[in-house]
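Keeping their order, the protein sequence lines are chains B and V. Numbering-wise, the first sequence is residues 16 to 338 according to the working numbering. Numbering-wise, the second sequence is residues 11 to 315 according to the working numbering.
If you're looking for bench data, these hints aren't it; they were derived computationally from the structure. There could be a bad hint or two in this list.
Derived Cβ-Cβ restraints for the label pairs, each shown as a range [stated by the list, open to error]:
#, chain 1, residue 1, chain 2, residue 2, range
1, V, A219, B, I124, 48 to 58 Å
2, V, D67, B, I124, 37 to 47 Å
3, V, A219, B, R150, 39 to 49 Å
4, V, L59, B, A92, 53 to 63 Å
Under the rule of at most 25 Å between Cα atoms (straight-line distance), these lysine to aspartate or glutamate pairs were calculated in the DMTMM-like manner [unchecked claim]:
#, chain 1, residue 1, chain 2, residue 2
5, V, K132, B, D81
6, B, K48, V, D138
7, V, K132, V, E211
For glycine and all other residues, C-beta sits at the position ideal for the given N, C-alpha and C.
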Amino acid sequence: MAFHTKKTRSDDETVKAPPSRSLTRDAMRRLMKNRGAVAGGIILLLLIFAAIFADFVAPYSATEGDILNNYAAPTAAHPFGCDFMGRDVLSRLLFGARISLAAGFVGAITAFAIGVTFGLISGFFGGKTDNFMMRIVDIMYGFPTLLLIILLMVFFKSSFSVSGVAGAGLRGVLSNLDRSMGGMFFIFLGIGLTSWLGMARLVRGMTLSVRNTEYVESARAIGTSRTRILFRHILPNVLGPAIVAQALQIPGFIQYEAFLSFIGLGVNPPTPSWGMMLSQGYLAMRSHFHLVLWPALAISITLFAFNFLGDGVRDAFDPRQTR
Amino acid sequence: MFSFIVRRILWTIPVILIVSSITFLLMHSVPGSPFTRERALPAAIQKNLEAKYHLDDPLWKQYIDYMYGFLRLDFGPSIAYRSRTVNDILAQQWPVTATLGGVAFLFAVVMGIPLGVLSAVKQNTLIDHGSMVVAMLGVSIPAIALGPFLIWIFALKLKWFPVATWGSPSHIVLPALTLSTAYLARFARITRASMLQVVREEYILAARAKGLREIVVNLRHAFRNALIPVTTIAGPAFADIVTGSLVVEQIFAIPGIGKYYVQSIGNRDYPVIMATTLLFALVIVLMNLLVDISYAMLDPRIRYS
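Sequences are here, hints too, so could you generate the full structure?
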């Protein structure tokens with residue numbers, strides 16, 4: 016078989032594509048032809064729908080159970096069965112989509128905000144500032160992230176959450192905020208504080224290259240202020256690829272939340288997190304496998320959808336990639 | 011090259027210093043002490059215990075003492091396990107984690123890379139699409155979902171392997187599989203992508219033009235160069251697998267260092283927390299160093315000065 020004569024799918028399309036189309040529309044067209052990505056997108060839309068409208072879609076409460084139904088096997092009334100407290104598994108899964116998606120999206124946004132700010136400052140000021148800030152990133156790369164996030168969560172949980180009566184001041188505000196979110200706030204913070212390094216490096220690199228382009232130079236020549244150059248000329252050019260890169264990280268953040276809740280450092284019970292459902296179901300797995308099966312499927316399908324869509328988007332915007 | 015390696019080894023000093031001080035500050039900021047019990051200890055006993063472990067010293071002195079011990083490879087006593095030193099715990103538990111991680115890594119490499127090559131060579135065939143969907147599944151199923159699944163099928167239903175814990179070689183199989191799947195898939199995907207990029211290079215055309223057999227072109231010329239991006243992820247992947255062993259150790263109740271870490275955080279067993287974090291940090295730094303060195307060995311165009 017001869018490799019060099021063989022055209023890949025993306026080669027064909029660049030040949031066929033009429034030159035009048037915009038880059039984005041071209042990419043959208045390629046994306047729509049990618050069946051895996053389309054399927055992933057549809058699943059995600061359904062999940063987002065389920066998460067937003069869980070109050071209406073879910074047949075039962077996610078937190079209140081009927082103790083007579085504990086460990087009930089799947090029936091017509093409870094299609095996925097009930098857990099150890101008699102709570103409807105399907106309802107908990109639907110509400111759990113909220114937790115997972117929130118961890119994925121808000122975690123991504125938190126890490127994004129930190130990483131972009133850091134990288135932008137580092138790349139824009141350059142010189143000694145840049146050198147110093149990037150050494151910080153290098154050092155932080157040596158940190159075992161999983162260990163750090165566990166330690167951070169323990170720190171947050173026992174310093175703020177379990178203190179009983181909320182104290183005054185910042186501590187009280189944070190503690191109340193976290194409690195009202197079922198323990199989610201500190202998960203966002205934990206993910207954000209540990210996962211911004213890659214983004215900082217990426218944005219710093221792009222800022223450095225944009226800073227030296229001719230249009231930035233001309234902007235500087237006509238006396239544009241540094242702030243304006245930073246926000247009007249550099250940031251918009253850096254943002255697009257950074258968003259795509261960050262979107263590819265979302266499955267990782269969903270896994271962090273699930274794992275943290277699995278070992279009891281994530282959401283506060285009775286908040287229905289898939290990770291927590293897995294750990295509770297795992298204890299009764301021998302006789303009630305459905306308690307593990309459904310949350311395991313839910314999280315796997317979600318990650319599968321994110322990964323397929325993410326791959327599709329990346330390929331669509333970069334036709335040379337053949338991954 | 012030599013001065014590059016020396017510089018990189020020296021670079022671990024600030025890394026260890028900063029990682030250790032962040033960990034130290036953070037763990038001492040967590041409320042509670044190693045001696046917090048349901049029933050409070052009498053004040054005098056509490057005081058004596060704190061004095062015994064030097065917890066009544068100012069923080070900076072504790073830190074300096076700890077780092078001084080670290081330099082002599084003496085990690086101090088464990089507070090929760092009274093009769094054991096941290097060195098004992100590391101000596102007994104680290105091999106468990108290292109074995110599990112090593113087996114998982116080996117499995118990921120030995121299965122993942124050939125799968126990727128096969129996919130690339132058979133690009134756009136059923137084999138290619140099939141293995142890439144499987145790889146995508148592998149990336150997408152988290153250990154906390156895969157582990158219980160494997161236990162249910164292979165331990166509870168088929169009874170091929172023990173359910174959990176550690177001891178015999180058959181205990182390693184399921185946890186190693188759980189740990190390696192995501193990385194196996196990642197290796198397969200990156201190897202495929204990298205092969206496909208390399209086969210478009212002109213030296214491959216040249217190799218074909220001089221009449222080399224297809225298998226020689228693929229393996230000697232394409233594969234060797236395609237390995238470069240694979241090694242870049244192999245180092246961090248090894249570090250990730252060893253760290254990720256923590257997750258799998260929880261699921262399979264394996265007495266590795268990761269399980270001790272989670273327990274020690276609950277117990278506020280400060281010396282164990284510090285030692286584990288530093289050990290993992292060293293693994294990460296070392297792996298990154300190995301990646302940089304292997305670059306130069308695989309690609310003669312890269313030279314470090």
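So, going through the hints one by one against the coordinates:
1. A219/V x I124/B: 48 to 58 Å: holds, 52 Å
2. D67/V x I124/B: 37 to 47 Å: holds, 42 Å
3. A219/V x R150/B: 39 to 49 Å: holds, 48 Å
4. L59/V x A92/B: 53 to 63 Å: Taking Cβ atoms as reference, L59/V and A92/B lie about 56 Å apart, which means the hint holds.
5. K132/V x D81/B: Since the Cα atoms of K132/V and D81/B sit roughly 55 Å apart, the hinted pair is violated (cutoff 25 Å).
6. K48/B x D138/V: holds, 18 Å
7. K132/V x E211/V: The hint holds at about 18 Å.
When the structure is compared with the earlier hints, a violation turns up for hint 5 alone.
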